[in-house]
Amino acid sequence: MASVRGVARASQTPPTEGGVSVRGLSKTYALSGQPLPVLQEITFDVQPGEFVSFVGPSGSGKSTLLNILAGLEEPDRGVVTAGGSARRLGGVAYMPQRDVLLPWRSALENAILGLEVKGVPRHESRQWARELFAVAGLGGFEDSLPSVLSGGMRQRVAFLRTVLTPGSVMLLDEPFGALDALTRSEMHEWLLGLWEHGDVMYNVSTTVVLVTHDVEEALLLSDRVYVLSPRPGRIRLVHEVSLPRPRTPALTTTEEFVRSKAALLAAVRGEGA
Amino acid sequence: MRVQHVPSVLLATVPAGLLLCAWEAYVRVAGVDRVFLPAPTQVLKVTWDSAGLLATHARLTLLEATLGLLLAFVAGCALGAMVGLSPLLRRSVYPLLVVSQTIPMIALAPLLVLWFGFGILPKLLVVALVCFFPLAVSMADGLASAEPDALRLLRSMGASPTQLFFKVRLPGALPYLFSGAKIAVTYAVIGAVFGEWVGAYEGLGILMQTAKNSYRTDIVFAAILVTSLLSVGLFGLVSILERVMLPWHVRGSGTAMDQSPRIQPIIGGRRRAPGDRREIVENV
Chain A
161 MASVRGVARA SQTPPTEGGV SVRGLSKTYA LSGQPLPVLQ EITFDVQPGE
211 FVSFVGPSGS GKSTLLNILA GLEEPDRGVV TAGGSARRLG GVAYMPQRDV
261 LLPWRSALEN AILGLEVKGV PRHESRQWAR ELFAVAGLGG FEDSLPSVLS
311 GGMRQRVAFL RTVLTPGSVM LLDEPFGALD ALTRSEMHEW LLGLWEHGDV
361 MYNVSTTVVL VTHDVEEALL LSDRVYVLSP RPGRIRLVHE VSLPRPRTPA
411 LTTTEEFVRS KAALLAAVRG EGA
Chain H
3 MRVQHVPSVL LATVPAGLLL CAWEAYVRVA GVDRVFLPAP TQVLKVTWDS
53 AGLLATHARL TLLEATLGLL LAFVAGCALG AMVGLSPLLR RSVYPLLVVS
103 QTIPMIALAP LLVLWFGFGI LPKLLVVALV CFFPLAVSMA DGLASAEPDA
153 LRLLRSMGAS PTQLFFKVRL PGALPYLFSG AKIAVTYAVI GAVFGEWVGA
203 YEGLGILMQT AKNSYRTDIV FAAILVTSLL SVGLFGLVSI LERVMLPWHV
253 RGSGTAMDQS PRIQPIIGGR RRAPGDRREI VENV
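Residue numbers (our numbering), protein chains in the order written: chain A, 161 to 433; chain H, 3 to 286.
Hints may be right or wrong, so weigh each one.
Stated by the list, open to error - Output of the computed footprint for chain H on chain A, the stretches with three or more beta carbons under 8 Å from beta carbons of chain H: (1) 228 to 234; (2) 238 to 252; (3) 255 to 262; (4) 273 to 282.
Keep in mind that the hints were calculated from the coordinates and are not lab data. Just so you know, these numbers come straight off a predicted model, no measurement behind them. Note that beta-carbon positions come from the ideal geometry of N, C-alpha and C, so glycine has one too.
Work the whole structure out from these sequences, hints included.
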């Protein structure tokens with residue numbers, strides 16, 4: 161499991177070490193005075209370097225879970241640590257569903273936002289980002305404003321911003337959910353391709369938690385998939401993905417992939433759980 | 003040549019030219035006394051002939067308008083920032099700002115002259131009092147409308163409140179601030195003229211009054227013309243500054259930039275005008 165990425169990781173010196181640990185997490189919102197339990201008794205571990213996904217129907221608390229992991233919200237009960245620390249703000253790289261590119265910054269300047277917040281010297285972070293842009297097929301668009309980029313390109317810039325954000329854990333909240341199906345599968349191919357570039361993309365080989373409603377996306381990218389139940393969200397199924405790496409989108413037609421996908425879809429729909 | 007391809011400057015001169023022609027014809031045909039109403043050509047001639055006199059007075063009026071604007075800018079931005087960043091101040095101070103605009107300037111201006119004399123200070127105060135409001139309101143609204151998703155993203159990166167302000171809130175508020183500044187500059191010169199009107203030694207306002215009292219209606223019109231030109235000049239300056247400072251901000255309809263296909267977004271482009279939330283709606 162995680163063998164290729166594990167090797168890429170071992171040959172590099174990652175900026176920070178650490179996985180994710182969640183114990184007995186529960187979260188309840190108040191909806192016009194009525195308590196609305198969103199997440200209940202969530203417990204899981206992500207080892208350093210692992211890529212895990214959470215899939216579930218709308219309203220299963222996926223985004224809330226990620227917000228809590230990012231430190232933007234605190235759970236009502238339970239213990240959450242990321243990168244070995246309970247203090248998550250500034251310690252994780254969070255990618256929201258919308259690209260949230262700042263319209264007044266060029267693509268490159270958007271990408272270095274996380275480094276800038278951390279006070280990394282400008283010329284250093286710019287140079288680093290330039291290398292990434294070239295690898296990620298965004299060469300030549302460094303100085304373009306977000307308004308002239310296509311949806312797929314904007315999402316790539318947002319992804320590079322996440323890669324460049326210092327942090328031991330990457331949290332991806334339906335990063336390709338707003339894209340059309342064709343662009344999304346292009347993004348999958350692009351993302352899988354990036355792992356071949358462990359040298360500049362070492363942050364891609366760090367711990368990743370992905371939230372998605374797309375079972376195929378989860379299977380294609382992850383080492384392990386968790387299925388959440390409808391509200392209140394509980395972990396309904398844990399599925400270890402045994403597909404070999406490096407992976408390509410061609411895998412989606414193999415027998416093993418189709419069988420896993422059927423099992424996961426059944427779990428999402430609430431059958432046989 | 004189709005209408006869209008005619009420069010807007012040319013288009014704008016057509017109705018104005020027609021109006022002036024009608025005015026000129028009326029004065030000439032009806033034989034109106036120039037003390038009662040001078041013809042546009044007469045106004046132009048006297049403007050040319052008294053250019054030195056007008057320039058002397060205009061210089062002071064422009065100085066008052068500029069310094070008053072500066073004062074309004076500092077006060078307006080500071081107040082706007084406070085109101086925009088603190089919900090408590092928004093509820094407690096915002097109404098006070100609105101009430102301040104209900105004070106009739108026509109009553110207050112003579113009092114300012116009474117308190118501070120015939121010098122430049124009461125004029126600065128009139129200009130500042132008239133101009134700070136659009137600046138404060140636009141600053142407050144601009145800061146308050148910062149994109150929540152962008153704030154959350156920066157917070158997840160560990161950004162401090164100061165970083166949130168300078169990296170997200172302030173840049174996002176600038177288009178609003180420029181909208182407010184455009185309104186403010188059009189008030190500024192009129193404010194200065196009004197401040198002079200109620201008591202001054204020099205300036206376009208006092209020139210208008212003395213000219214009126216000596217039945218030089220043509221000079222009154224010449225002074226009005228100069229006042230307008232100053233306002234238009236300041237407005238143009240702010241517009242140029244906006245384009246230089248906010249190249250990312252595609253402006254509203256009718257501008258040359260808007261028609262350029264080069265900057266038309268390909269997919270998912272955002273064209274933001276103050277208060278335009280369309281982009282967020284699209285992506286939900």
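Verification of the hints:
With 3 residues bearing a CB less than 8 Å from a CB of chain H, the segment 228 to 234 of chain A meets the requirement of three and the coverage assertion stands. Residue count for the segment 238 to 252 of chain A with a Cβ under 8 Å from a Cβ of chain H: 4. That meets the three needed, and the coverage hint holds. Counting residues of the segment 255 to 262 of chain A whose CB lies closer than 8 Å to any CB of chain H gives 4, so the stated coverage by that chain holds, three being the minimum. Figure legend: the segment 273 to 282 of chain A, annotated as covered by chain H; annotation consistent (5 residues with Cβ-Cβ distances under 8 Å, at least 3 required).
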